[in-house]
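Throw the hints in and build the complete structure from the sequences for me.
Chains A and B, in that order, give the protein sequences.
In terms of the working numbering, the first sequence opens at residue 1 and continues consecutively.
In terms of the working numbering, the second sequence opens at residue 1 and continues consecutively.
In case anyone wonders, no lab produced these hints; they're calculated from the structure.
Among these hints, one or two may not hold up.
As the list claims (entries may be wrong) - Calculated cross-link-like contacts (lysine to any residue; reagent style SDA-like; alpha-carbon spacing at most 20 Å): (1) 129/B / 5/A; (2) 150/B / 10/A; (3) 150/B / 13/A; (4) 257/A / 101/A; (5) 150/B / 6/A; (6) 257/A / 378/A; (7) 94/A / 105/A; (8) 116/A / 228/A; (9) 150/B / 116/A; (10) 129/B / 6/A; (11) 182/A / 131/A; (12) 148/A / 366/A; (13) 148/A / 216/A.
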Amino acid sequence: MSLVLDVALTHVRARARQTLVAVAGVATGVGFSIMMAALLQGSQQDFVRQLVNAMPHVAVSDERRAPPPQPAEQFYDAARIDGLKPEARRRGIKNPLATMASIESWAPGAIAPSVKVQGILRYSSRDVATSIVGIEPRREAAVSELPKQIRQGSLAALYSTTNAIILGDRLAEKIGARPGSKITVQTSDGIRLTAQVVGLFHAGVRSVDETTAYVLVKTGQILAGQTGLVNELRLRLADALAAPGTAARIERETGYKSVAWQEASEDLLNAFVIRNIIMYTVVGAILLVASFGTYNIISTITHEKARDIAIMKSLGLPERTVRRIFVLEAGIIGCFGAVLGFALGFGLCVALGSVEIRNPFTDVTHIPIAWSPLHYAMAAGVAVVSSLVAGFLPARRAARLHPVEIIRGAT
Amino acid sequence: MSATDGAPSTGTPLIAARGVTRILPGIVPTTLVHDVDLAIGENELVAITGPSGSGKSSLLYLLGLLDLPTAGEVLIRGRATAGMSEEERAHTRLATLGFVFQFHFLLPEFTVLDNVTLPMRALDALSPKAMRERGLDLLGSLGLGDHTAKRPDQLSGGQRQRVAVARALANDPPLVLADEPTGSLDSQASEQVFEILRDLVRTGGKTVVAVTHDLDIARRMDRRIALMDGAVVGDERVVVAPRRNMIIPGRTEGANPESSPG
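Here you go:
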């Protein structure tokens with residue numbers, strides 16, 4: 001065993017209690033950093049998962065990013081036409097079945113058509129503006145969580161009667177409707193029909209639960225006054241992260257506006273960047289505080305060992321060797337602290353992950369925890385490096401001690 | 001190392017001071033050592049004497065490269081030390097000098113043997129096995145063969161000081177510097193340590209420079225350098241050649257403190 005290691009280990013061993021406190025300090029820092037990282041990243045992943053689940057990965061609508069060019073503009077390059085009423089387009093995605101088939105042929109995942117109509121629900125003299133979505137229940141299950149969100153009735157019940165409708169639970173509460181109620185649906189074009197409530201759903205997002213109703217595609221088309229109309233295609237991809245590329249390709253191939261979930265929730269994803277900065281700052285601060293503990297212990301050891309340092313230097317040990325001894329002591333503390341911190345962090349994560357959160361509106365959930373070796377590596381890396389730095393400063397000071405001053409002081 | 005018999009060596013001195021002055025800086029600068037010229041050769045037993053505050057210890061630290069002179073220079077075997085880096089000075093100390101202080105200054109957490117082998121390990125010239133053997137030999141020759149695995153605080157003051165001597169001899173240096181080596185010992189232990197230091201010169205061929213205010217011990221040294229207010233005020237030599245063969249056989253314990261051929 002090298003002299004440096006031998007002396008360092010002897011010092012650390014001889015001060016078992018102080019060493020233990022320092023190791024515990026580093027371990028606490030590492031453990032809580034790991035926990036914080038797991039918690040923050042876990043909740044973020046959970047949030048993204050919910051976000052991704054709550055919305056289609058790619059939504060293809062019948063709109064275009066740019067207004068359609070006027071015929072005159074198509075013919076004459078120099079023409080610019082002002083004050084003209086834009087050509088009214090026929091709404092809907094052209095030839096939806098062929099479009100769906102073409103997208104399905106290359107994009108791995110599921111696709112479902114829908115019709116979106118704005119209308120007013122009327123029941124017992126209460127009016128609520130509602131977004132009515134015509135869906136195909138069989139395909140819907142593959143692209144959204146709706147089947148799981150049904151609280152009363154079932155999605156298949158849409159087939160059970162003509163003009164069946166499923167309401168958001170808060171919407172139903174607002175107008176006072178219950179399953180079985182017959183309500184009036186009216187659109188801005190004056191189309192009006194009576195629908196029977198066959199189920200309630202709870203998406204967990206207030207704005208959705210208060211303003212959305214589902215009907216069959218056919219019913220939706222009747223309300224829109226246009227047979228065969230499909231104005232939105234929703235995709236759920238095998239790989240949610242591939243959404244932007246897929247959306248871009250669909251847009252290129254079909255010309256329709258295709259929005260990936262990342263684009264739709266850009267603001268949220270930007271917020272995550274800030275959240276990550278906060279996370280790393282907090283984690284860094286915890287480790288920094290822990291490294292002060294290391295600094296403290298190495299300072300104390302070097303202070304107590306001033307006489308021994310003087311002895312070693314008077315024997316002829318160079319400054320470099322003396323410095324190494326104390327840096328190594330800090331490294332030993334840092335390494336033990338990191339290993340102990342792994343256990344602590346793991347334990348905290350397991351404990352937190354087993355906490356159940358009961359909420360009257362949702363199922364029992366657990367605190368989301370992300371398990372990543374990166375958290376451990378990061379925390380250990382910062383802990384060991386900061387321990388070494390924390391050890392280096394007092395070690396350098398110790399190594400520079402003038403032996404004569406201490407020997408004189410002793411005599 | 002074989003010393004030329006009898007008279008002090010006339011060649012390059014083992015250690016020399018030329019105009020060495022040490023001033024402690026401060027609001028009122030204190031002169032510790034003033035313009036000391038000194039040459040100490042191989043195989044000398046030298047006492048540095050003087051009243052408290054006369055600068056004896058300061059001079060010893062300067063000779064031992066523990067402190068740097070404000071002016072003048074210290075030469076070891078004719079080699080200037082002023083231009084040396086910290087590391088070179090440390091290495092010179094390790095290989096050429098052995099220090100014994102008034103207090104034993106052993107590392108408390110290490111065993112007696114580990115304390116003795118520490119300088120060898122720092123120099124790293126021997127195999128671990130050879131270091132261990134040499135350490136045991138040194139301790140055995142100083143009558144500490146039964147205490148090698150103990151910690152310093154389990155030994156008596158005289159025993160600790162003998163361990164400190166063994167440590168000073170670890171790398172077989174030609175020069176041993178001792179700062180009041182008997183200052184904290186009772187008379188019996190003092191006598192024992194003095195005899196060990198004397199035998200290092202008589203039979204080990206080493207040079208011992210000891211700072212002491214014990215006049216009885218100083219009187220039995222071969223050469224006495226007297227200091228007063230940091231300056232050399234006396235340097236007397238005793239011819240010792242006839243006594244050499246009379247003293248050594250008389251000793252029963254530690255008759256051969258140096259196991260290596262002298």
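Here is what the structure says about each hint:
1. 129/B / 5/A: Within the cut-off at roughly 18 Å; holds.
2. 150/B / 10/A: The given pair, whose Cα atoms are some 15 Å apart, holds under the 20 Å limit.
3. 150/B / 13/A: holds (17 Å)
4. 257/A / 101/A: holds (18 Å)
5. 150/B / 6/A: holds (17 Å)
6. 257/A / 378/A: Violated, because 42 Å separates the two Cα atoms, which is more than 20 Å.
7. 94/A / 105/A: Answer holds: residue 94/A to residue 105/A is near 18 Å, not above 20 Å.
8. 116/A / 228/A: holds (13 Å)
9. 150/B / 116/A: Answer violated: residue 150/B to residue 116/A is near 90 Å, above 20 Å.
10. 129/B / 6/A: holds (16 Å)
11. 182/A / 131/A: Cα-Cα ~18 Å, so holds.
12. 148/A / 366/A: holds (18 Å)
13. 148/A / 216/A: Given pair residue 148/A, residue 216/A holds - Cα atoms ~18 Å apart, limit 20 Å.
Checked against the numbered hints above, the structure breaks hints 6, 9 and satisfies the rest.
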